[in-house]
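For the sequence shown, position 165 matches number 628 in the numbering used here, and the numbering has no gaps at all.
Since the hints were derived computationally from the structure, they do not count as laboratory data. Don't take each hint at face value.
[To be verified] Straight-line Cα separation of at most 25 angstroms, DSS-like style, residue types lysine-lysine; simulated pairs:
hint, residue 1, residue 2
1, 598, 477
2, 598, 541
3, 569, 598
4, 541, 523
5, 523, 621
6, 569, 541
7, 569, 622
8, 569, 477
9, 656, 622
10, 541, 656
11, 593, 477
12, 597, 656
13, 523, 598
14, 597, 621
15, 622, 541
16, 598, 622
17, 477, 621
18, 621, 593
19, 621, 656
20, 621, 598
21, 597, 622
22, 523, 597
23, 523, 477
24, 656, 593
[Unchecked claim] Label pairs and their calculated CB-CB ranges:
hint, residue 1, residue 2, range
25, 529, 553, 20 to 28 angstroms
26, 665, 482, 18 to 26 angstroms
27, 626, 555, 19 to 27 angstroms
28, 479, 663, 32 to 40 angstroms
29, 476, 626, 13 to 21 angstroms
30, 504, 548, 20 to 28 angstroms
31, 483, 672, 18 to 26 angstroms
32, 609, 556, 16 to 24 angstroms
33, 477, 585, 19 to 27 angstroms
34, 479, 504, 39 to 47 angstroms
35, 589, 513, 37 to 45 angstroms
36, 644, 526, 26 to 34 angstroms
Note that beta-carbon positions come from the ideal geometry of N, C-alpha and C, so glycine has one too.
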Amino acid sequence: MREVHVSRLKPTLKEAILVRCLTEVTGVVLAGGRATRMGGQDKGLINLNGQPLFEHVISKLAPQVSNVVISANRNRDKYQSIGLNVLSDTLPDYPGPLAGMLSVMKQRNSEWFLFCPCDTPNIPEDLALKLWEKKGDAPAAWVNDGERDHPTIVLLHKKLTAPLENYLASGERRVMVFLREAGGHAVLFPNQKQNFININTLEDLTLWENK
Numbered sequence: 464m465r466e467v468h469v470s471r472l473k474p475t476l477k478e479a480i481l482v483r484c485l486t487e488v489t490g491v492v493l494a495g496g497r498a499t500r501m502g503g504q505d506k507g508l509i510n511l512n513g514q515p516l517f518e519h520v521i522s523k524l525a526p527q528v529s530n531v532v533i534s535a536n537r538n539r540d541k542y543q544s545i546g547l548n549v550l551s552d553t554l555p556d557y558p559g560p561l562a563g564m565l566s567v568m569k570q571r572n573s574e575w576f577l578f579c580p581c582d583t584p585n586i587p588e589d590l591a592l593k594l595w596e597k598k599g600d601a602p603a604a605w606v607n608d609g610e611r612d613h614p615t616i617v618l619l620h621k622k623l624t625a626p627l628e629n630y631l632a633s634g635e636r637r638v639m640v641f642l643r644e645a646g647g648h649a650v651l652f653p654n655q656k657q658n659f660i661n662i663n664t665l666e667d668l669t670l671w672e673n674k
């Protein structure tokens, strides 16, 4: 959904929020990890039902935001083959998802960023809108499925770029610690645990394909 078609002269509040969300948010697929539980394979490129995992995520994320980029450190040509910009970590040695977030936030001119890991192929269609509506004045809002937090599925404001850079420079890597220190909060997605399942192992992949 690149545009919102409104049939009334005056949009509803929800339509107005959606227009703003689509305009101000860049979607980011995080595909820069080592994937050690996948035997070192590039997780985003592993096929699920005949399609790479990262493409499943993009198909769900792209209609919800103004544009999508990919954070990846390997196989850049394969990720670029679908026509999206691919950005690599500016920090060495795969220091974790926060490094991918920082690299994108430093290189893209956007007010807000919605990050999603490449191994969450079933994110809900209202992910961006709900995080946007529920963020309030917070600079960060992440998903909680009613049982656990998903801190790498998170909406971040660009003003957190410098604090994040300082946090990583101090040697810290913990995502949740940074988000809490930054003044963020969780947004509840009750009864939607299935939407936020991570495919971490080949066994997970097999189970998902058999559903």
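Evaluation of the provided hints:
1. 598 <-> 477: Distance ~15 angstroms between residue 598 and residue 477 Cα, so the pair holds.
2. 598 <-> 541: Answer violated: residue 598 to residue 541 is near 34 angstroms, above 25 angstroms.
3. 569 <-> 598: holds, 22 angstroms
4. 541 <-> 523: holds, 19 angstroms
5. 523 <-> 621: holds, 23 angstroms
6. 569 <-> 541: Holds, at roughly 23 angstroms.
7. 569 <-> 622: holds, 10 angstroms
8. 569 <-> 477: violated, 30 angstroms
9. 656 <-> 622: violated, 30 angstroms
10. 541 <-> 656: violated, 30 angstroms
11. 593 <-> 477: This hinted pair holds, its Cα atoms lying about 10 angstroms apart.
12. 597 <-> 656: holds, 18 angstroms
13. 523 <-> 598: holds, 21 angstroms
14. 597 <-> 621: Since the Cα atoms of residue 597 and residue 621 sit roughly 18 angstroms apart, the hinted pair holds (cutoff 25 angstroms).
15. 622 <-> 541: Violated - the C-alpha atoms of residue 541 and residue 622 are around 31 angstroms apart, more than 25 angstroms.
16. 598 <-> 622: holds, 15 angstroms
17. 477 <-> 621: Since the Cα atoms of residue 477 and residue 621 sit roughly 24 angstroms apart, the hinted pair holds (cutoff 25 angstroms).
18. 621 <-> 593: Holds, at about 19 angstroms.
19. 621 <-> 656: Status violated; Cα separation ~28 angstroms.
20. 621 <-> 598: Roughly 14 angstroms separates the two Cα atoms, so the pair holds.
21. 597 <-> 622: holds, 18 angstroms
22. 523 <-> 597: holds, 20 angstroms
23. 523 <-> 477: Roughly 20 angstroms separates the two Cα atoms, so the pair holds.
24. 656 <-> 593: Answer holds: residue 656 to residue 593 is near 15 angstroms, not above 25 angstroms.
25. 529 <-> 553: 20 to 28 angstroms: For residue 553 against residue 529, whose Cβ atoms are near 23 angstroms apart, the range 20 to 28 angstroms holds.
26. 665 <-> 482: 18 to 26 angstroms: violated, 41 angstroms
27. 626 <-> 555: 19 to 27 angstroms: Once the Cβ atoms are compared, 21 angstroms apart, the range 19 to 27 angstroms for residue 555 and residue 626 holds.
28. 479 <-> 663: 32 to 40 angstroms: holds, 38 angstroms
29. 476 <-> 626: 13 to 21 angstroms: violated, 32 angstroms
30. 504 <-> 548: 20 to 28 angstroms: This hint holds: roughly 23 angstroms between Cβ atoms.
31. 483 <-> 672: 18 to 26 angstroms: violated, 38 angstroms
32. 609 <-> 556: 16 to 24 angstroms: violated, 35 angstroms
33. 477 <-> 585: 19 to 27 angstroms: holds, 23 angstroms
34. 479 <-> 504: 39 to 47 angstroms: holds, 43 angstroms
35. 589 <-> 513: 37 to 45 angstroms: Given a distance of about 26 angstroms, which is not inside 37 to 45 angstroms, the answer is violated.
36. 644 <-> 526: 26 to 34 angstroms: Roughly 32 angstroms apart at Cβ, these two residues keep to the hinted range, so it holds.
Hint check: violations occur at hints 2, 8, 9, 10, 15, 19, 26, 29, 31, 32 and 35; the rest are consistent with the structure.
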